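Colleague: The listed protein sequences derive, respectively, from chains A and B. So for the first sequence, the UniProt record's numbering puts the first residue at 1; every next one is plus one. So for the second sequence, the UniProt record's numbering puts the first residue at 1; every next one is plus one.
I should point out that these hints are in silico values taken from the structure, not numbers from a laboratory. No experiment lies behind these values; they were computed from the predicted model shown. Note that CB positions come from ideal geometry on N, CA and C, so glycine has one too. Any given hint could turn out to be false.
Claimed, not checked - Short, incomplete list of chain A residues facing chain B, as computed with Cβ under 8 Å:
no.: 1; residue: E18
no.: 2; residue: F19
no.: 3; residue: E47
no.: 4; residue: Q277
no.: 5; residue: V279
no.: 6; residue: L283
Residues per chain are reported as follows:
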Amino acid sequence: MDFQLTEEQIAFQDSAREFARHELAPYAAHWDEEEVFPKDTLRRAGEMGFCGLYTPQQYGGLGLTRLDAAIVFEELAAGCTSTAAYLTIHNMVSWMIGSFARAEVAEQWGPALASGAKLGSYCLTEPGAGSDAANLRTRAERDGDVYRLNGSKAFISGAGSTDVLVVMARTGGTGAKGISAFVVPADLPGISYGKKERKMGWNSQPTRTITFDNVAVPSANLLGEEGQGFTFAMKGLDGGRINIATCSVGTAQAALEAAARYVQERQQFGQALAEFQTVQFRLADMSTELVAARQMVRLAAWKLDSGSPDATAYCAMAKRFVTDAGFKVVNEALQLFGGYGYIKEYPLERHLRDSRVHQILEGTNEIMRVIVARRLLQDGALETLR
Amino acid sequence: MKIVVPVKRVIDANVKVRLKSDGSAVDSDNVKMSMNPFDEIAVEEAIRLKEAGVAGEIVAVSIGSDACQDVLRSALAMGADRALLIRTEAVLEPLAVAKLLREVVAREQPQLVICGKQSTDGDANQAGQMLAGLLGWPQATFASKLDIGADGATVTREIDGGLEIIAVTLPAVVTTDLRLNSPRYTTLPNIMKAKKKPLDVIALDEFGVDTRPRLTTLGLAEPAARSAGVRVADVAELLAKLKNEAKVI
Ligand SMILES: Cc1cc2nc3c(=O)[nH]c(=O)nc-3n(C[C@H](O)[C@H](O)[C@H](O)COP(=O)(O)OP(=O)(O)OC[C@H]3O[C@@H](n4cnc5c(N)ncnc54)[C@H](O)[C@@H]3O)c2cc1C
Ligand SMILES: Cc1cc2nc3c(=O)[nH]c(=O)nc-3n(C[C@H](O)[C@H](O)[C@H](O)COP(=O)(O)OP(=O)(O)OC[C@H]3O[C@@H](n4cnc5c(N)ncnc54)[C@H](O)[C@@H]3O)c2cc1C
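Same shape as in the complex, but just chain B (with noise of 0.2 Å):
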């Protein structure tokens, strides 16, 4: 069984993230950057699956700048076999992203995709989705443990309230959430070998496919500053702040 994993290079997440000083955009000029945490927490799967004998090749994907290769290097330096780079400057939406991940699929043909639930930056949740509804796959998202079958994969879900176990044919399309599973060091000497494994770069005009912004951004704002906390005098001025100020009671 072939497995495709999608990860995508973002701010690293013990950066503290900023506007450039004009508000246009996230300031991620000098600013590390890694792999979205719950693409590592996908490829990690894979390859537990592949050590466990259910997974043959697993392939990681990523979509945007050479400066991708990292991220896609270090996947190949916690096991994956091969990885593509689609190349582009653009920054896609997640219906972009889904449709060349569909053209991925169609020359792949794997039997599973596994896609971190979101990714940190854009924290859209959207991606693994729209792939499954462009493919006709079942989905199965929000993956906190994943057992494959004989006949199909057996997906425990993190829901609203508590977990949820569903059963899905394969091929499926599953994303991952944050109890999956840890996801291992890279050690050096993989990190070596690592650098002898294929990387493809394709120019993204390759796949035809169209891949224009949907959506506009009207203005980026950072969060409120948190203020400082008050103290109160007794229980009932607790009780009325949660009340009238804070209206959560």
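Next up, chain A with everything else stripped away, as it sits in the complex (with noise of 0.2 Å):
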């Protein structure tokens, strides 16, 4: 056993932390402050291969461990969060077109994506079905060659700026047993976009509402077999609770590297606050559970590329516990800042504002609990888990 990372992984580490510190963390306060979706650097981080990371190789993606994605989107995230999320809900469309799409629509669109040259949505929430997505009712009718979508979407990241969308949509009968998953290209007569969020945070991509009406979908763009749509979007979020929880540490790990520099220099009773113990505790604490929630992502990570059967179990345990001792972490370091906390001349609020989403997204982290519930429940279980 070794914690150490291979050369090839601090290879990686750095170049998305120069990436991150030259493209992203001078732009962030400006992409928040103005709404702007960053495009053109997205395209860059294609070319560096942050948009198809463990995309299979054979669809342009780079085919690398999930375990070395955590590693490149925690360094995106501590130069800006909301843009490394997006980039992590990307590539999770990007794995699973290259993954679950036929040949030839995994060729269409795979290159495209992993290059950053095209964007992706994923498409399960619903506005009368989010923890509840098994729930959905966004239906896909078999008509010929085609399958005609009729529903609406909620929460979409990215959408109305984006490509190609990952539909899930109701094919059968109720339950998850009746959903399948589409890869539909975002410009499809028949499909609207709501207007744009506004939202506390991730204000450098979009959220949009997407209605279809009665949109043709050529069937060859189905993943796998109908029916199949729901295990395919949840190993999609397996993997994605993964990168939102490496968010939440990349963001906290900003914070706390700009609190303890801070409370060095700030002077307050004749001396730093930094020679206060209670200031002293409060940053151990907070690198302390840093330390073991970036160890709590990695170990996931390791599970899911190992294959583990509890792997899905370990996913959201990690999102549960890292969100949201990341969120408390950057809490804290606002708090060390005191009123210039509280003000966006610094990027704590913005950090804060930014990473609060990850405790709801991707399965809230309620649904995080009913998950790892589920599985410790079941004879044998804590065996395997712990």
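With the hints in hand, could you dock these two chains into one complex?
Modeller: Shown next as structure tokens:
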């Protein structure tokens, strides 16, 4: 057993850090303030390899492990949480298409997605089906050599600015087994986009509702077979949850570093804040919790890479624990900045706004508990879940 | 045309350098290390010459412990074709480095050696010049622009108070200044490809070169901590301080 990153992982990390330092961090506040979706930067991220990290090599991706990807996303999130988080969703879409689409569809979209030339969105949530995603109502009816899509999706990241959608829709009866997944070009006739949601954070990426009105999707665009869609959607989310968790780690790391610098410079009561033991202890706890959180993500990523039957439970544990811990660290870093933490001259309030949603999306942290509890109450589960 | 680019592993530019607690050396344990920034510029320049069809093969060379393989891999990931590590645990002085590079030149027969003008650890600014001296080659140091023509190179040099443009015949040694170029990012696909490029390791002893130190380090000291600024009441006091305390006017 060895906790040391490989030489190659360190090189990936350095590469992502350089990119984040020069291409993301200097612009993050502007993108947040002006709600800019930085497509040019995403394109450059694609040249770096960040748009298809674990997408199969056959379809233009790098075929890396989830652990490699987590190391990269952490660094990107330290530069701009919101842009890195969109990249994680894009990677999930790119992976799903590369892994489950028919060869001709994967060839059509895979390389373009992996290079960042085209962007993707993941469409599961509906106005009436969030946590209860298996209860979704968007329908796809077979009609000759097309499926006709009707219904609407809510809270879709990137929607309106992306080129391809992976849409989960009902082809069969109620429940998860009636759901199928489709690769849908974002500009097909009958697709309309709602207004851009005004959000607390994640402002460098648009979030919109999407409405499908009799949209004709070629039947070859079905992922796998009818009825497999929910399984694919959940497989995507296992990795997605690691990615979102790792975005919390990167953001919290940036916040912790900023706070550790600040308390050494800021003088009150005739001394640096860092000389108060209470401040030291707070930093010590923040750092301790962040190290634990980072290792938790990496463990879950490794479980997924090694095909563990408990991977879903570990991914859910990691998402719950790490996004909570990350938010707490960011909030405490903000506190250490006093009044300056609350104003936009400093990045702390943005870190806080951006990382808050990680506790909500890709399955709320309550739903993560549902997933973990369901597994651990099975006979013998605690033998392996440890 | 073949180009040799020496690259050194130094403490990363973003790290705050500290002395070991006993003051015997700079603390490099558990510190992030990277390629010397001026050497990155040298690698970048070589790659641009290759992309322009001027250069054929680019060989990156490092001298040091096995750990230096990481900077060689970075050079390969940027676009160098081959790498060579001259393995030694000793910390070498610029003259020893220059002598070893002369041996590398003898083996590789390049038309051009592009070095960083100095490394950010020792700041000696000597290896390139010494190498040119040992080889009897022309040198063009502190380059901010490099053009290779039919019968040599035209190099713009950054000198005190301006720029100097010189012509040198090839083969030559060029050392890079900061404004020569901005090195590219190493992309993940290129990092993965670099793993498959050849990296040879040769023990220092095999060169039969005398690399014993000629210098003795008497001591090391950290620069004095910056003290807080003071407010002056008026221009007269400022002038008086500049004259009598800072002694700059
Ligand atoms: C900025 C943003 C971007 C998003 N991007 C995407 C995207 O790209 N694609 C996509 O498909 N979706 C996306 N989502 C949607 C997101 O995944 C959902 O918001 C999330 O799953 C929660 O669903 P909901 O909002 O309907 O909340 P609800 O499901 O209504 O939940 C409300 C509250 O009830 C709790 N709750 C619900 N059920 C239970 C239960 N059984 N036990 C205990 N507590 C429960 C929840 O935990 C939560 O606290 C995004 C959301 C946001 C905010
Ligand atoms: C939106 C806003 C409105 C405001 N409005 C007003 C106003 O109308 N009038 C006004 O006068 N002020 C106002 N303030 C200022 C506010 O009261 C100060 O920001 C607050 O008192 C903290 O001071 P500081 O920002 O200088 O932080 P600092 O004093 O620098 O504190 C930084 C951190 O160090 C901690 N710390 C400091 N000293 C110690 C110690 N001895 N032991 C342990 N921890 C310590 C603090 O708890 C904090 O976490 C406002 C601030 C904001 C953000």
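Colleague: Does each hint fit the structure? Answer for all of them.
Modeller: Going through the hints against the structure:
1. At its closest, the beta carbon of E18/A sits 6 Å from a beta carbon of chain B; the interface hint therefore holds under the 8 Å criterion.
2. About 6 Å separates the beta-carbon of F19/A from the nearest beta-carbon of chain B, less than 8 Å, and the hint is met.
3. Contact between E47/A and chain B, as hinted, is supported at the beta carbon level, the nearest pair being about 6 Å apart and thus within 8 Å.
4. Because the smallest distance between the Cβ of Q277/A and any Cβ of chain B comes to about 23 Å, over 8 Å, the interface hint for this residue is violated.
5. Interface restraint check: V279/A against chain B, minimum CB-CB distance 21 Å, threshold 8 Å, status violated.
6. Given hint, L283/A at the interface with chain B, is violated; its Cβ is 18 Å from that chain's nearest Cβ, farther than 8 Å.
Against the hints set out earlier in the document, violations occur for numbers 4, 5 and 6.
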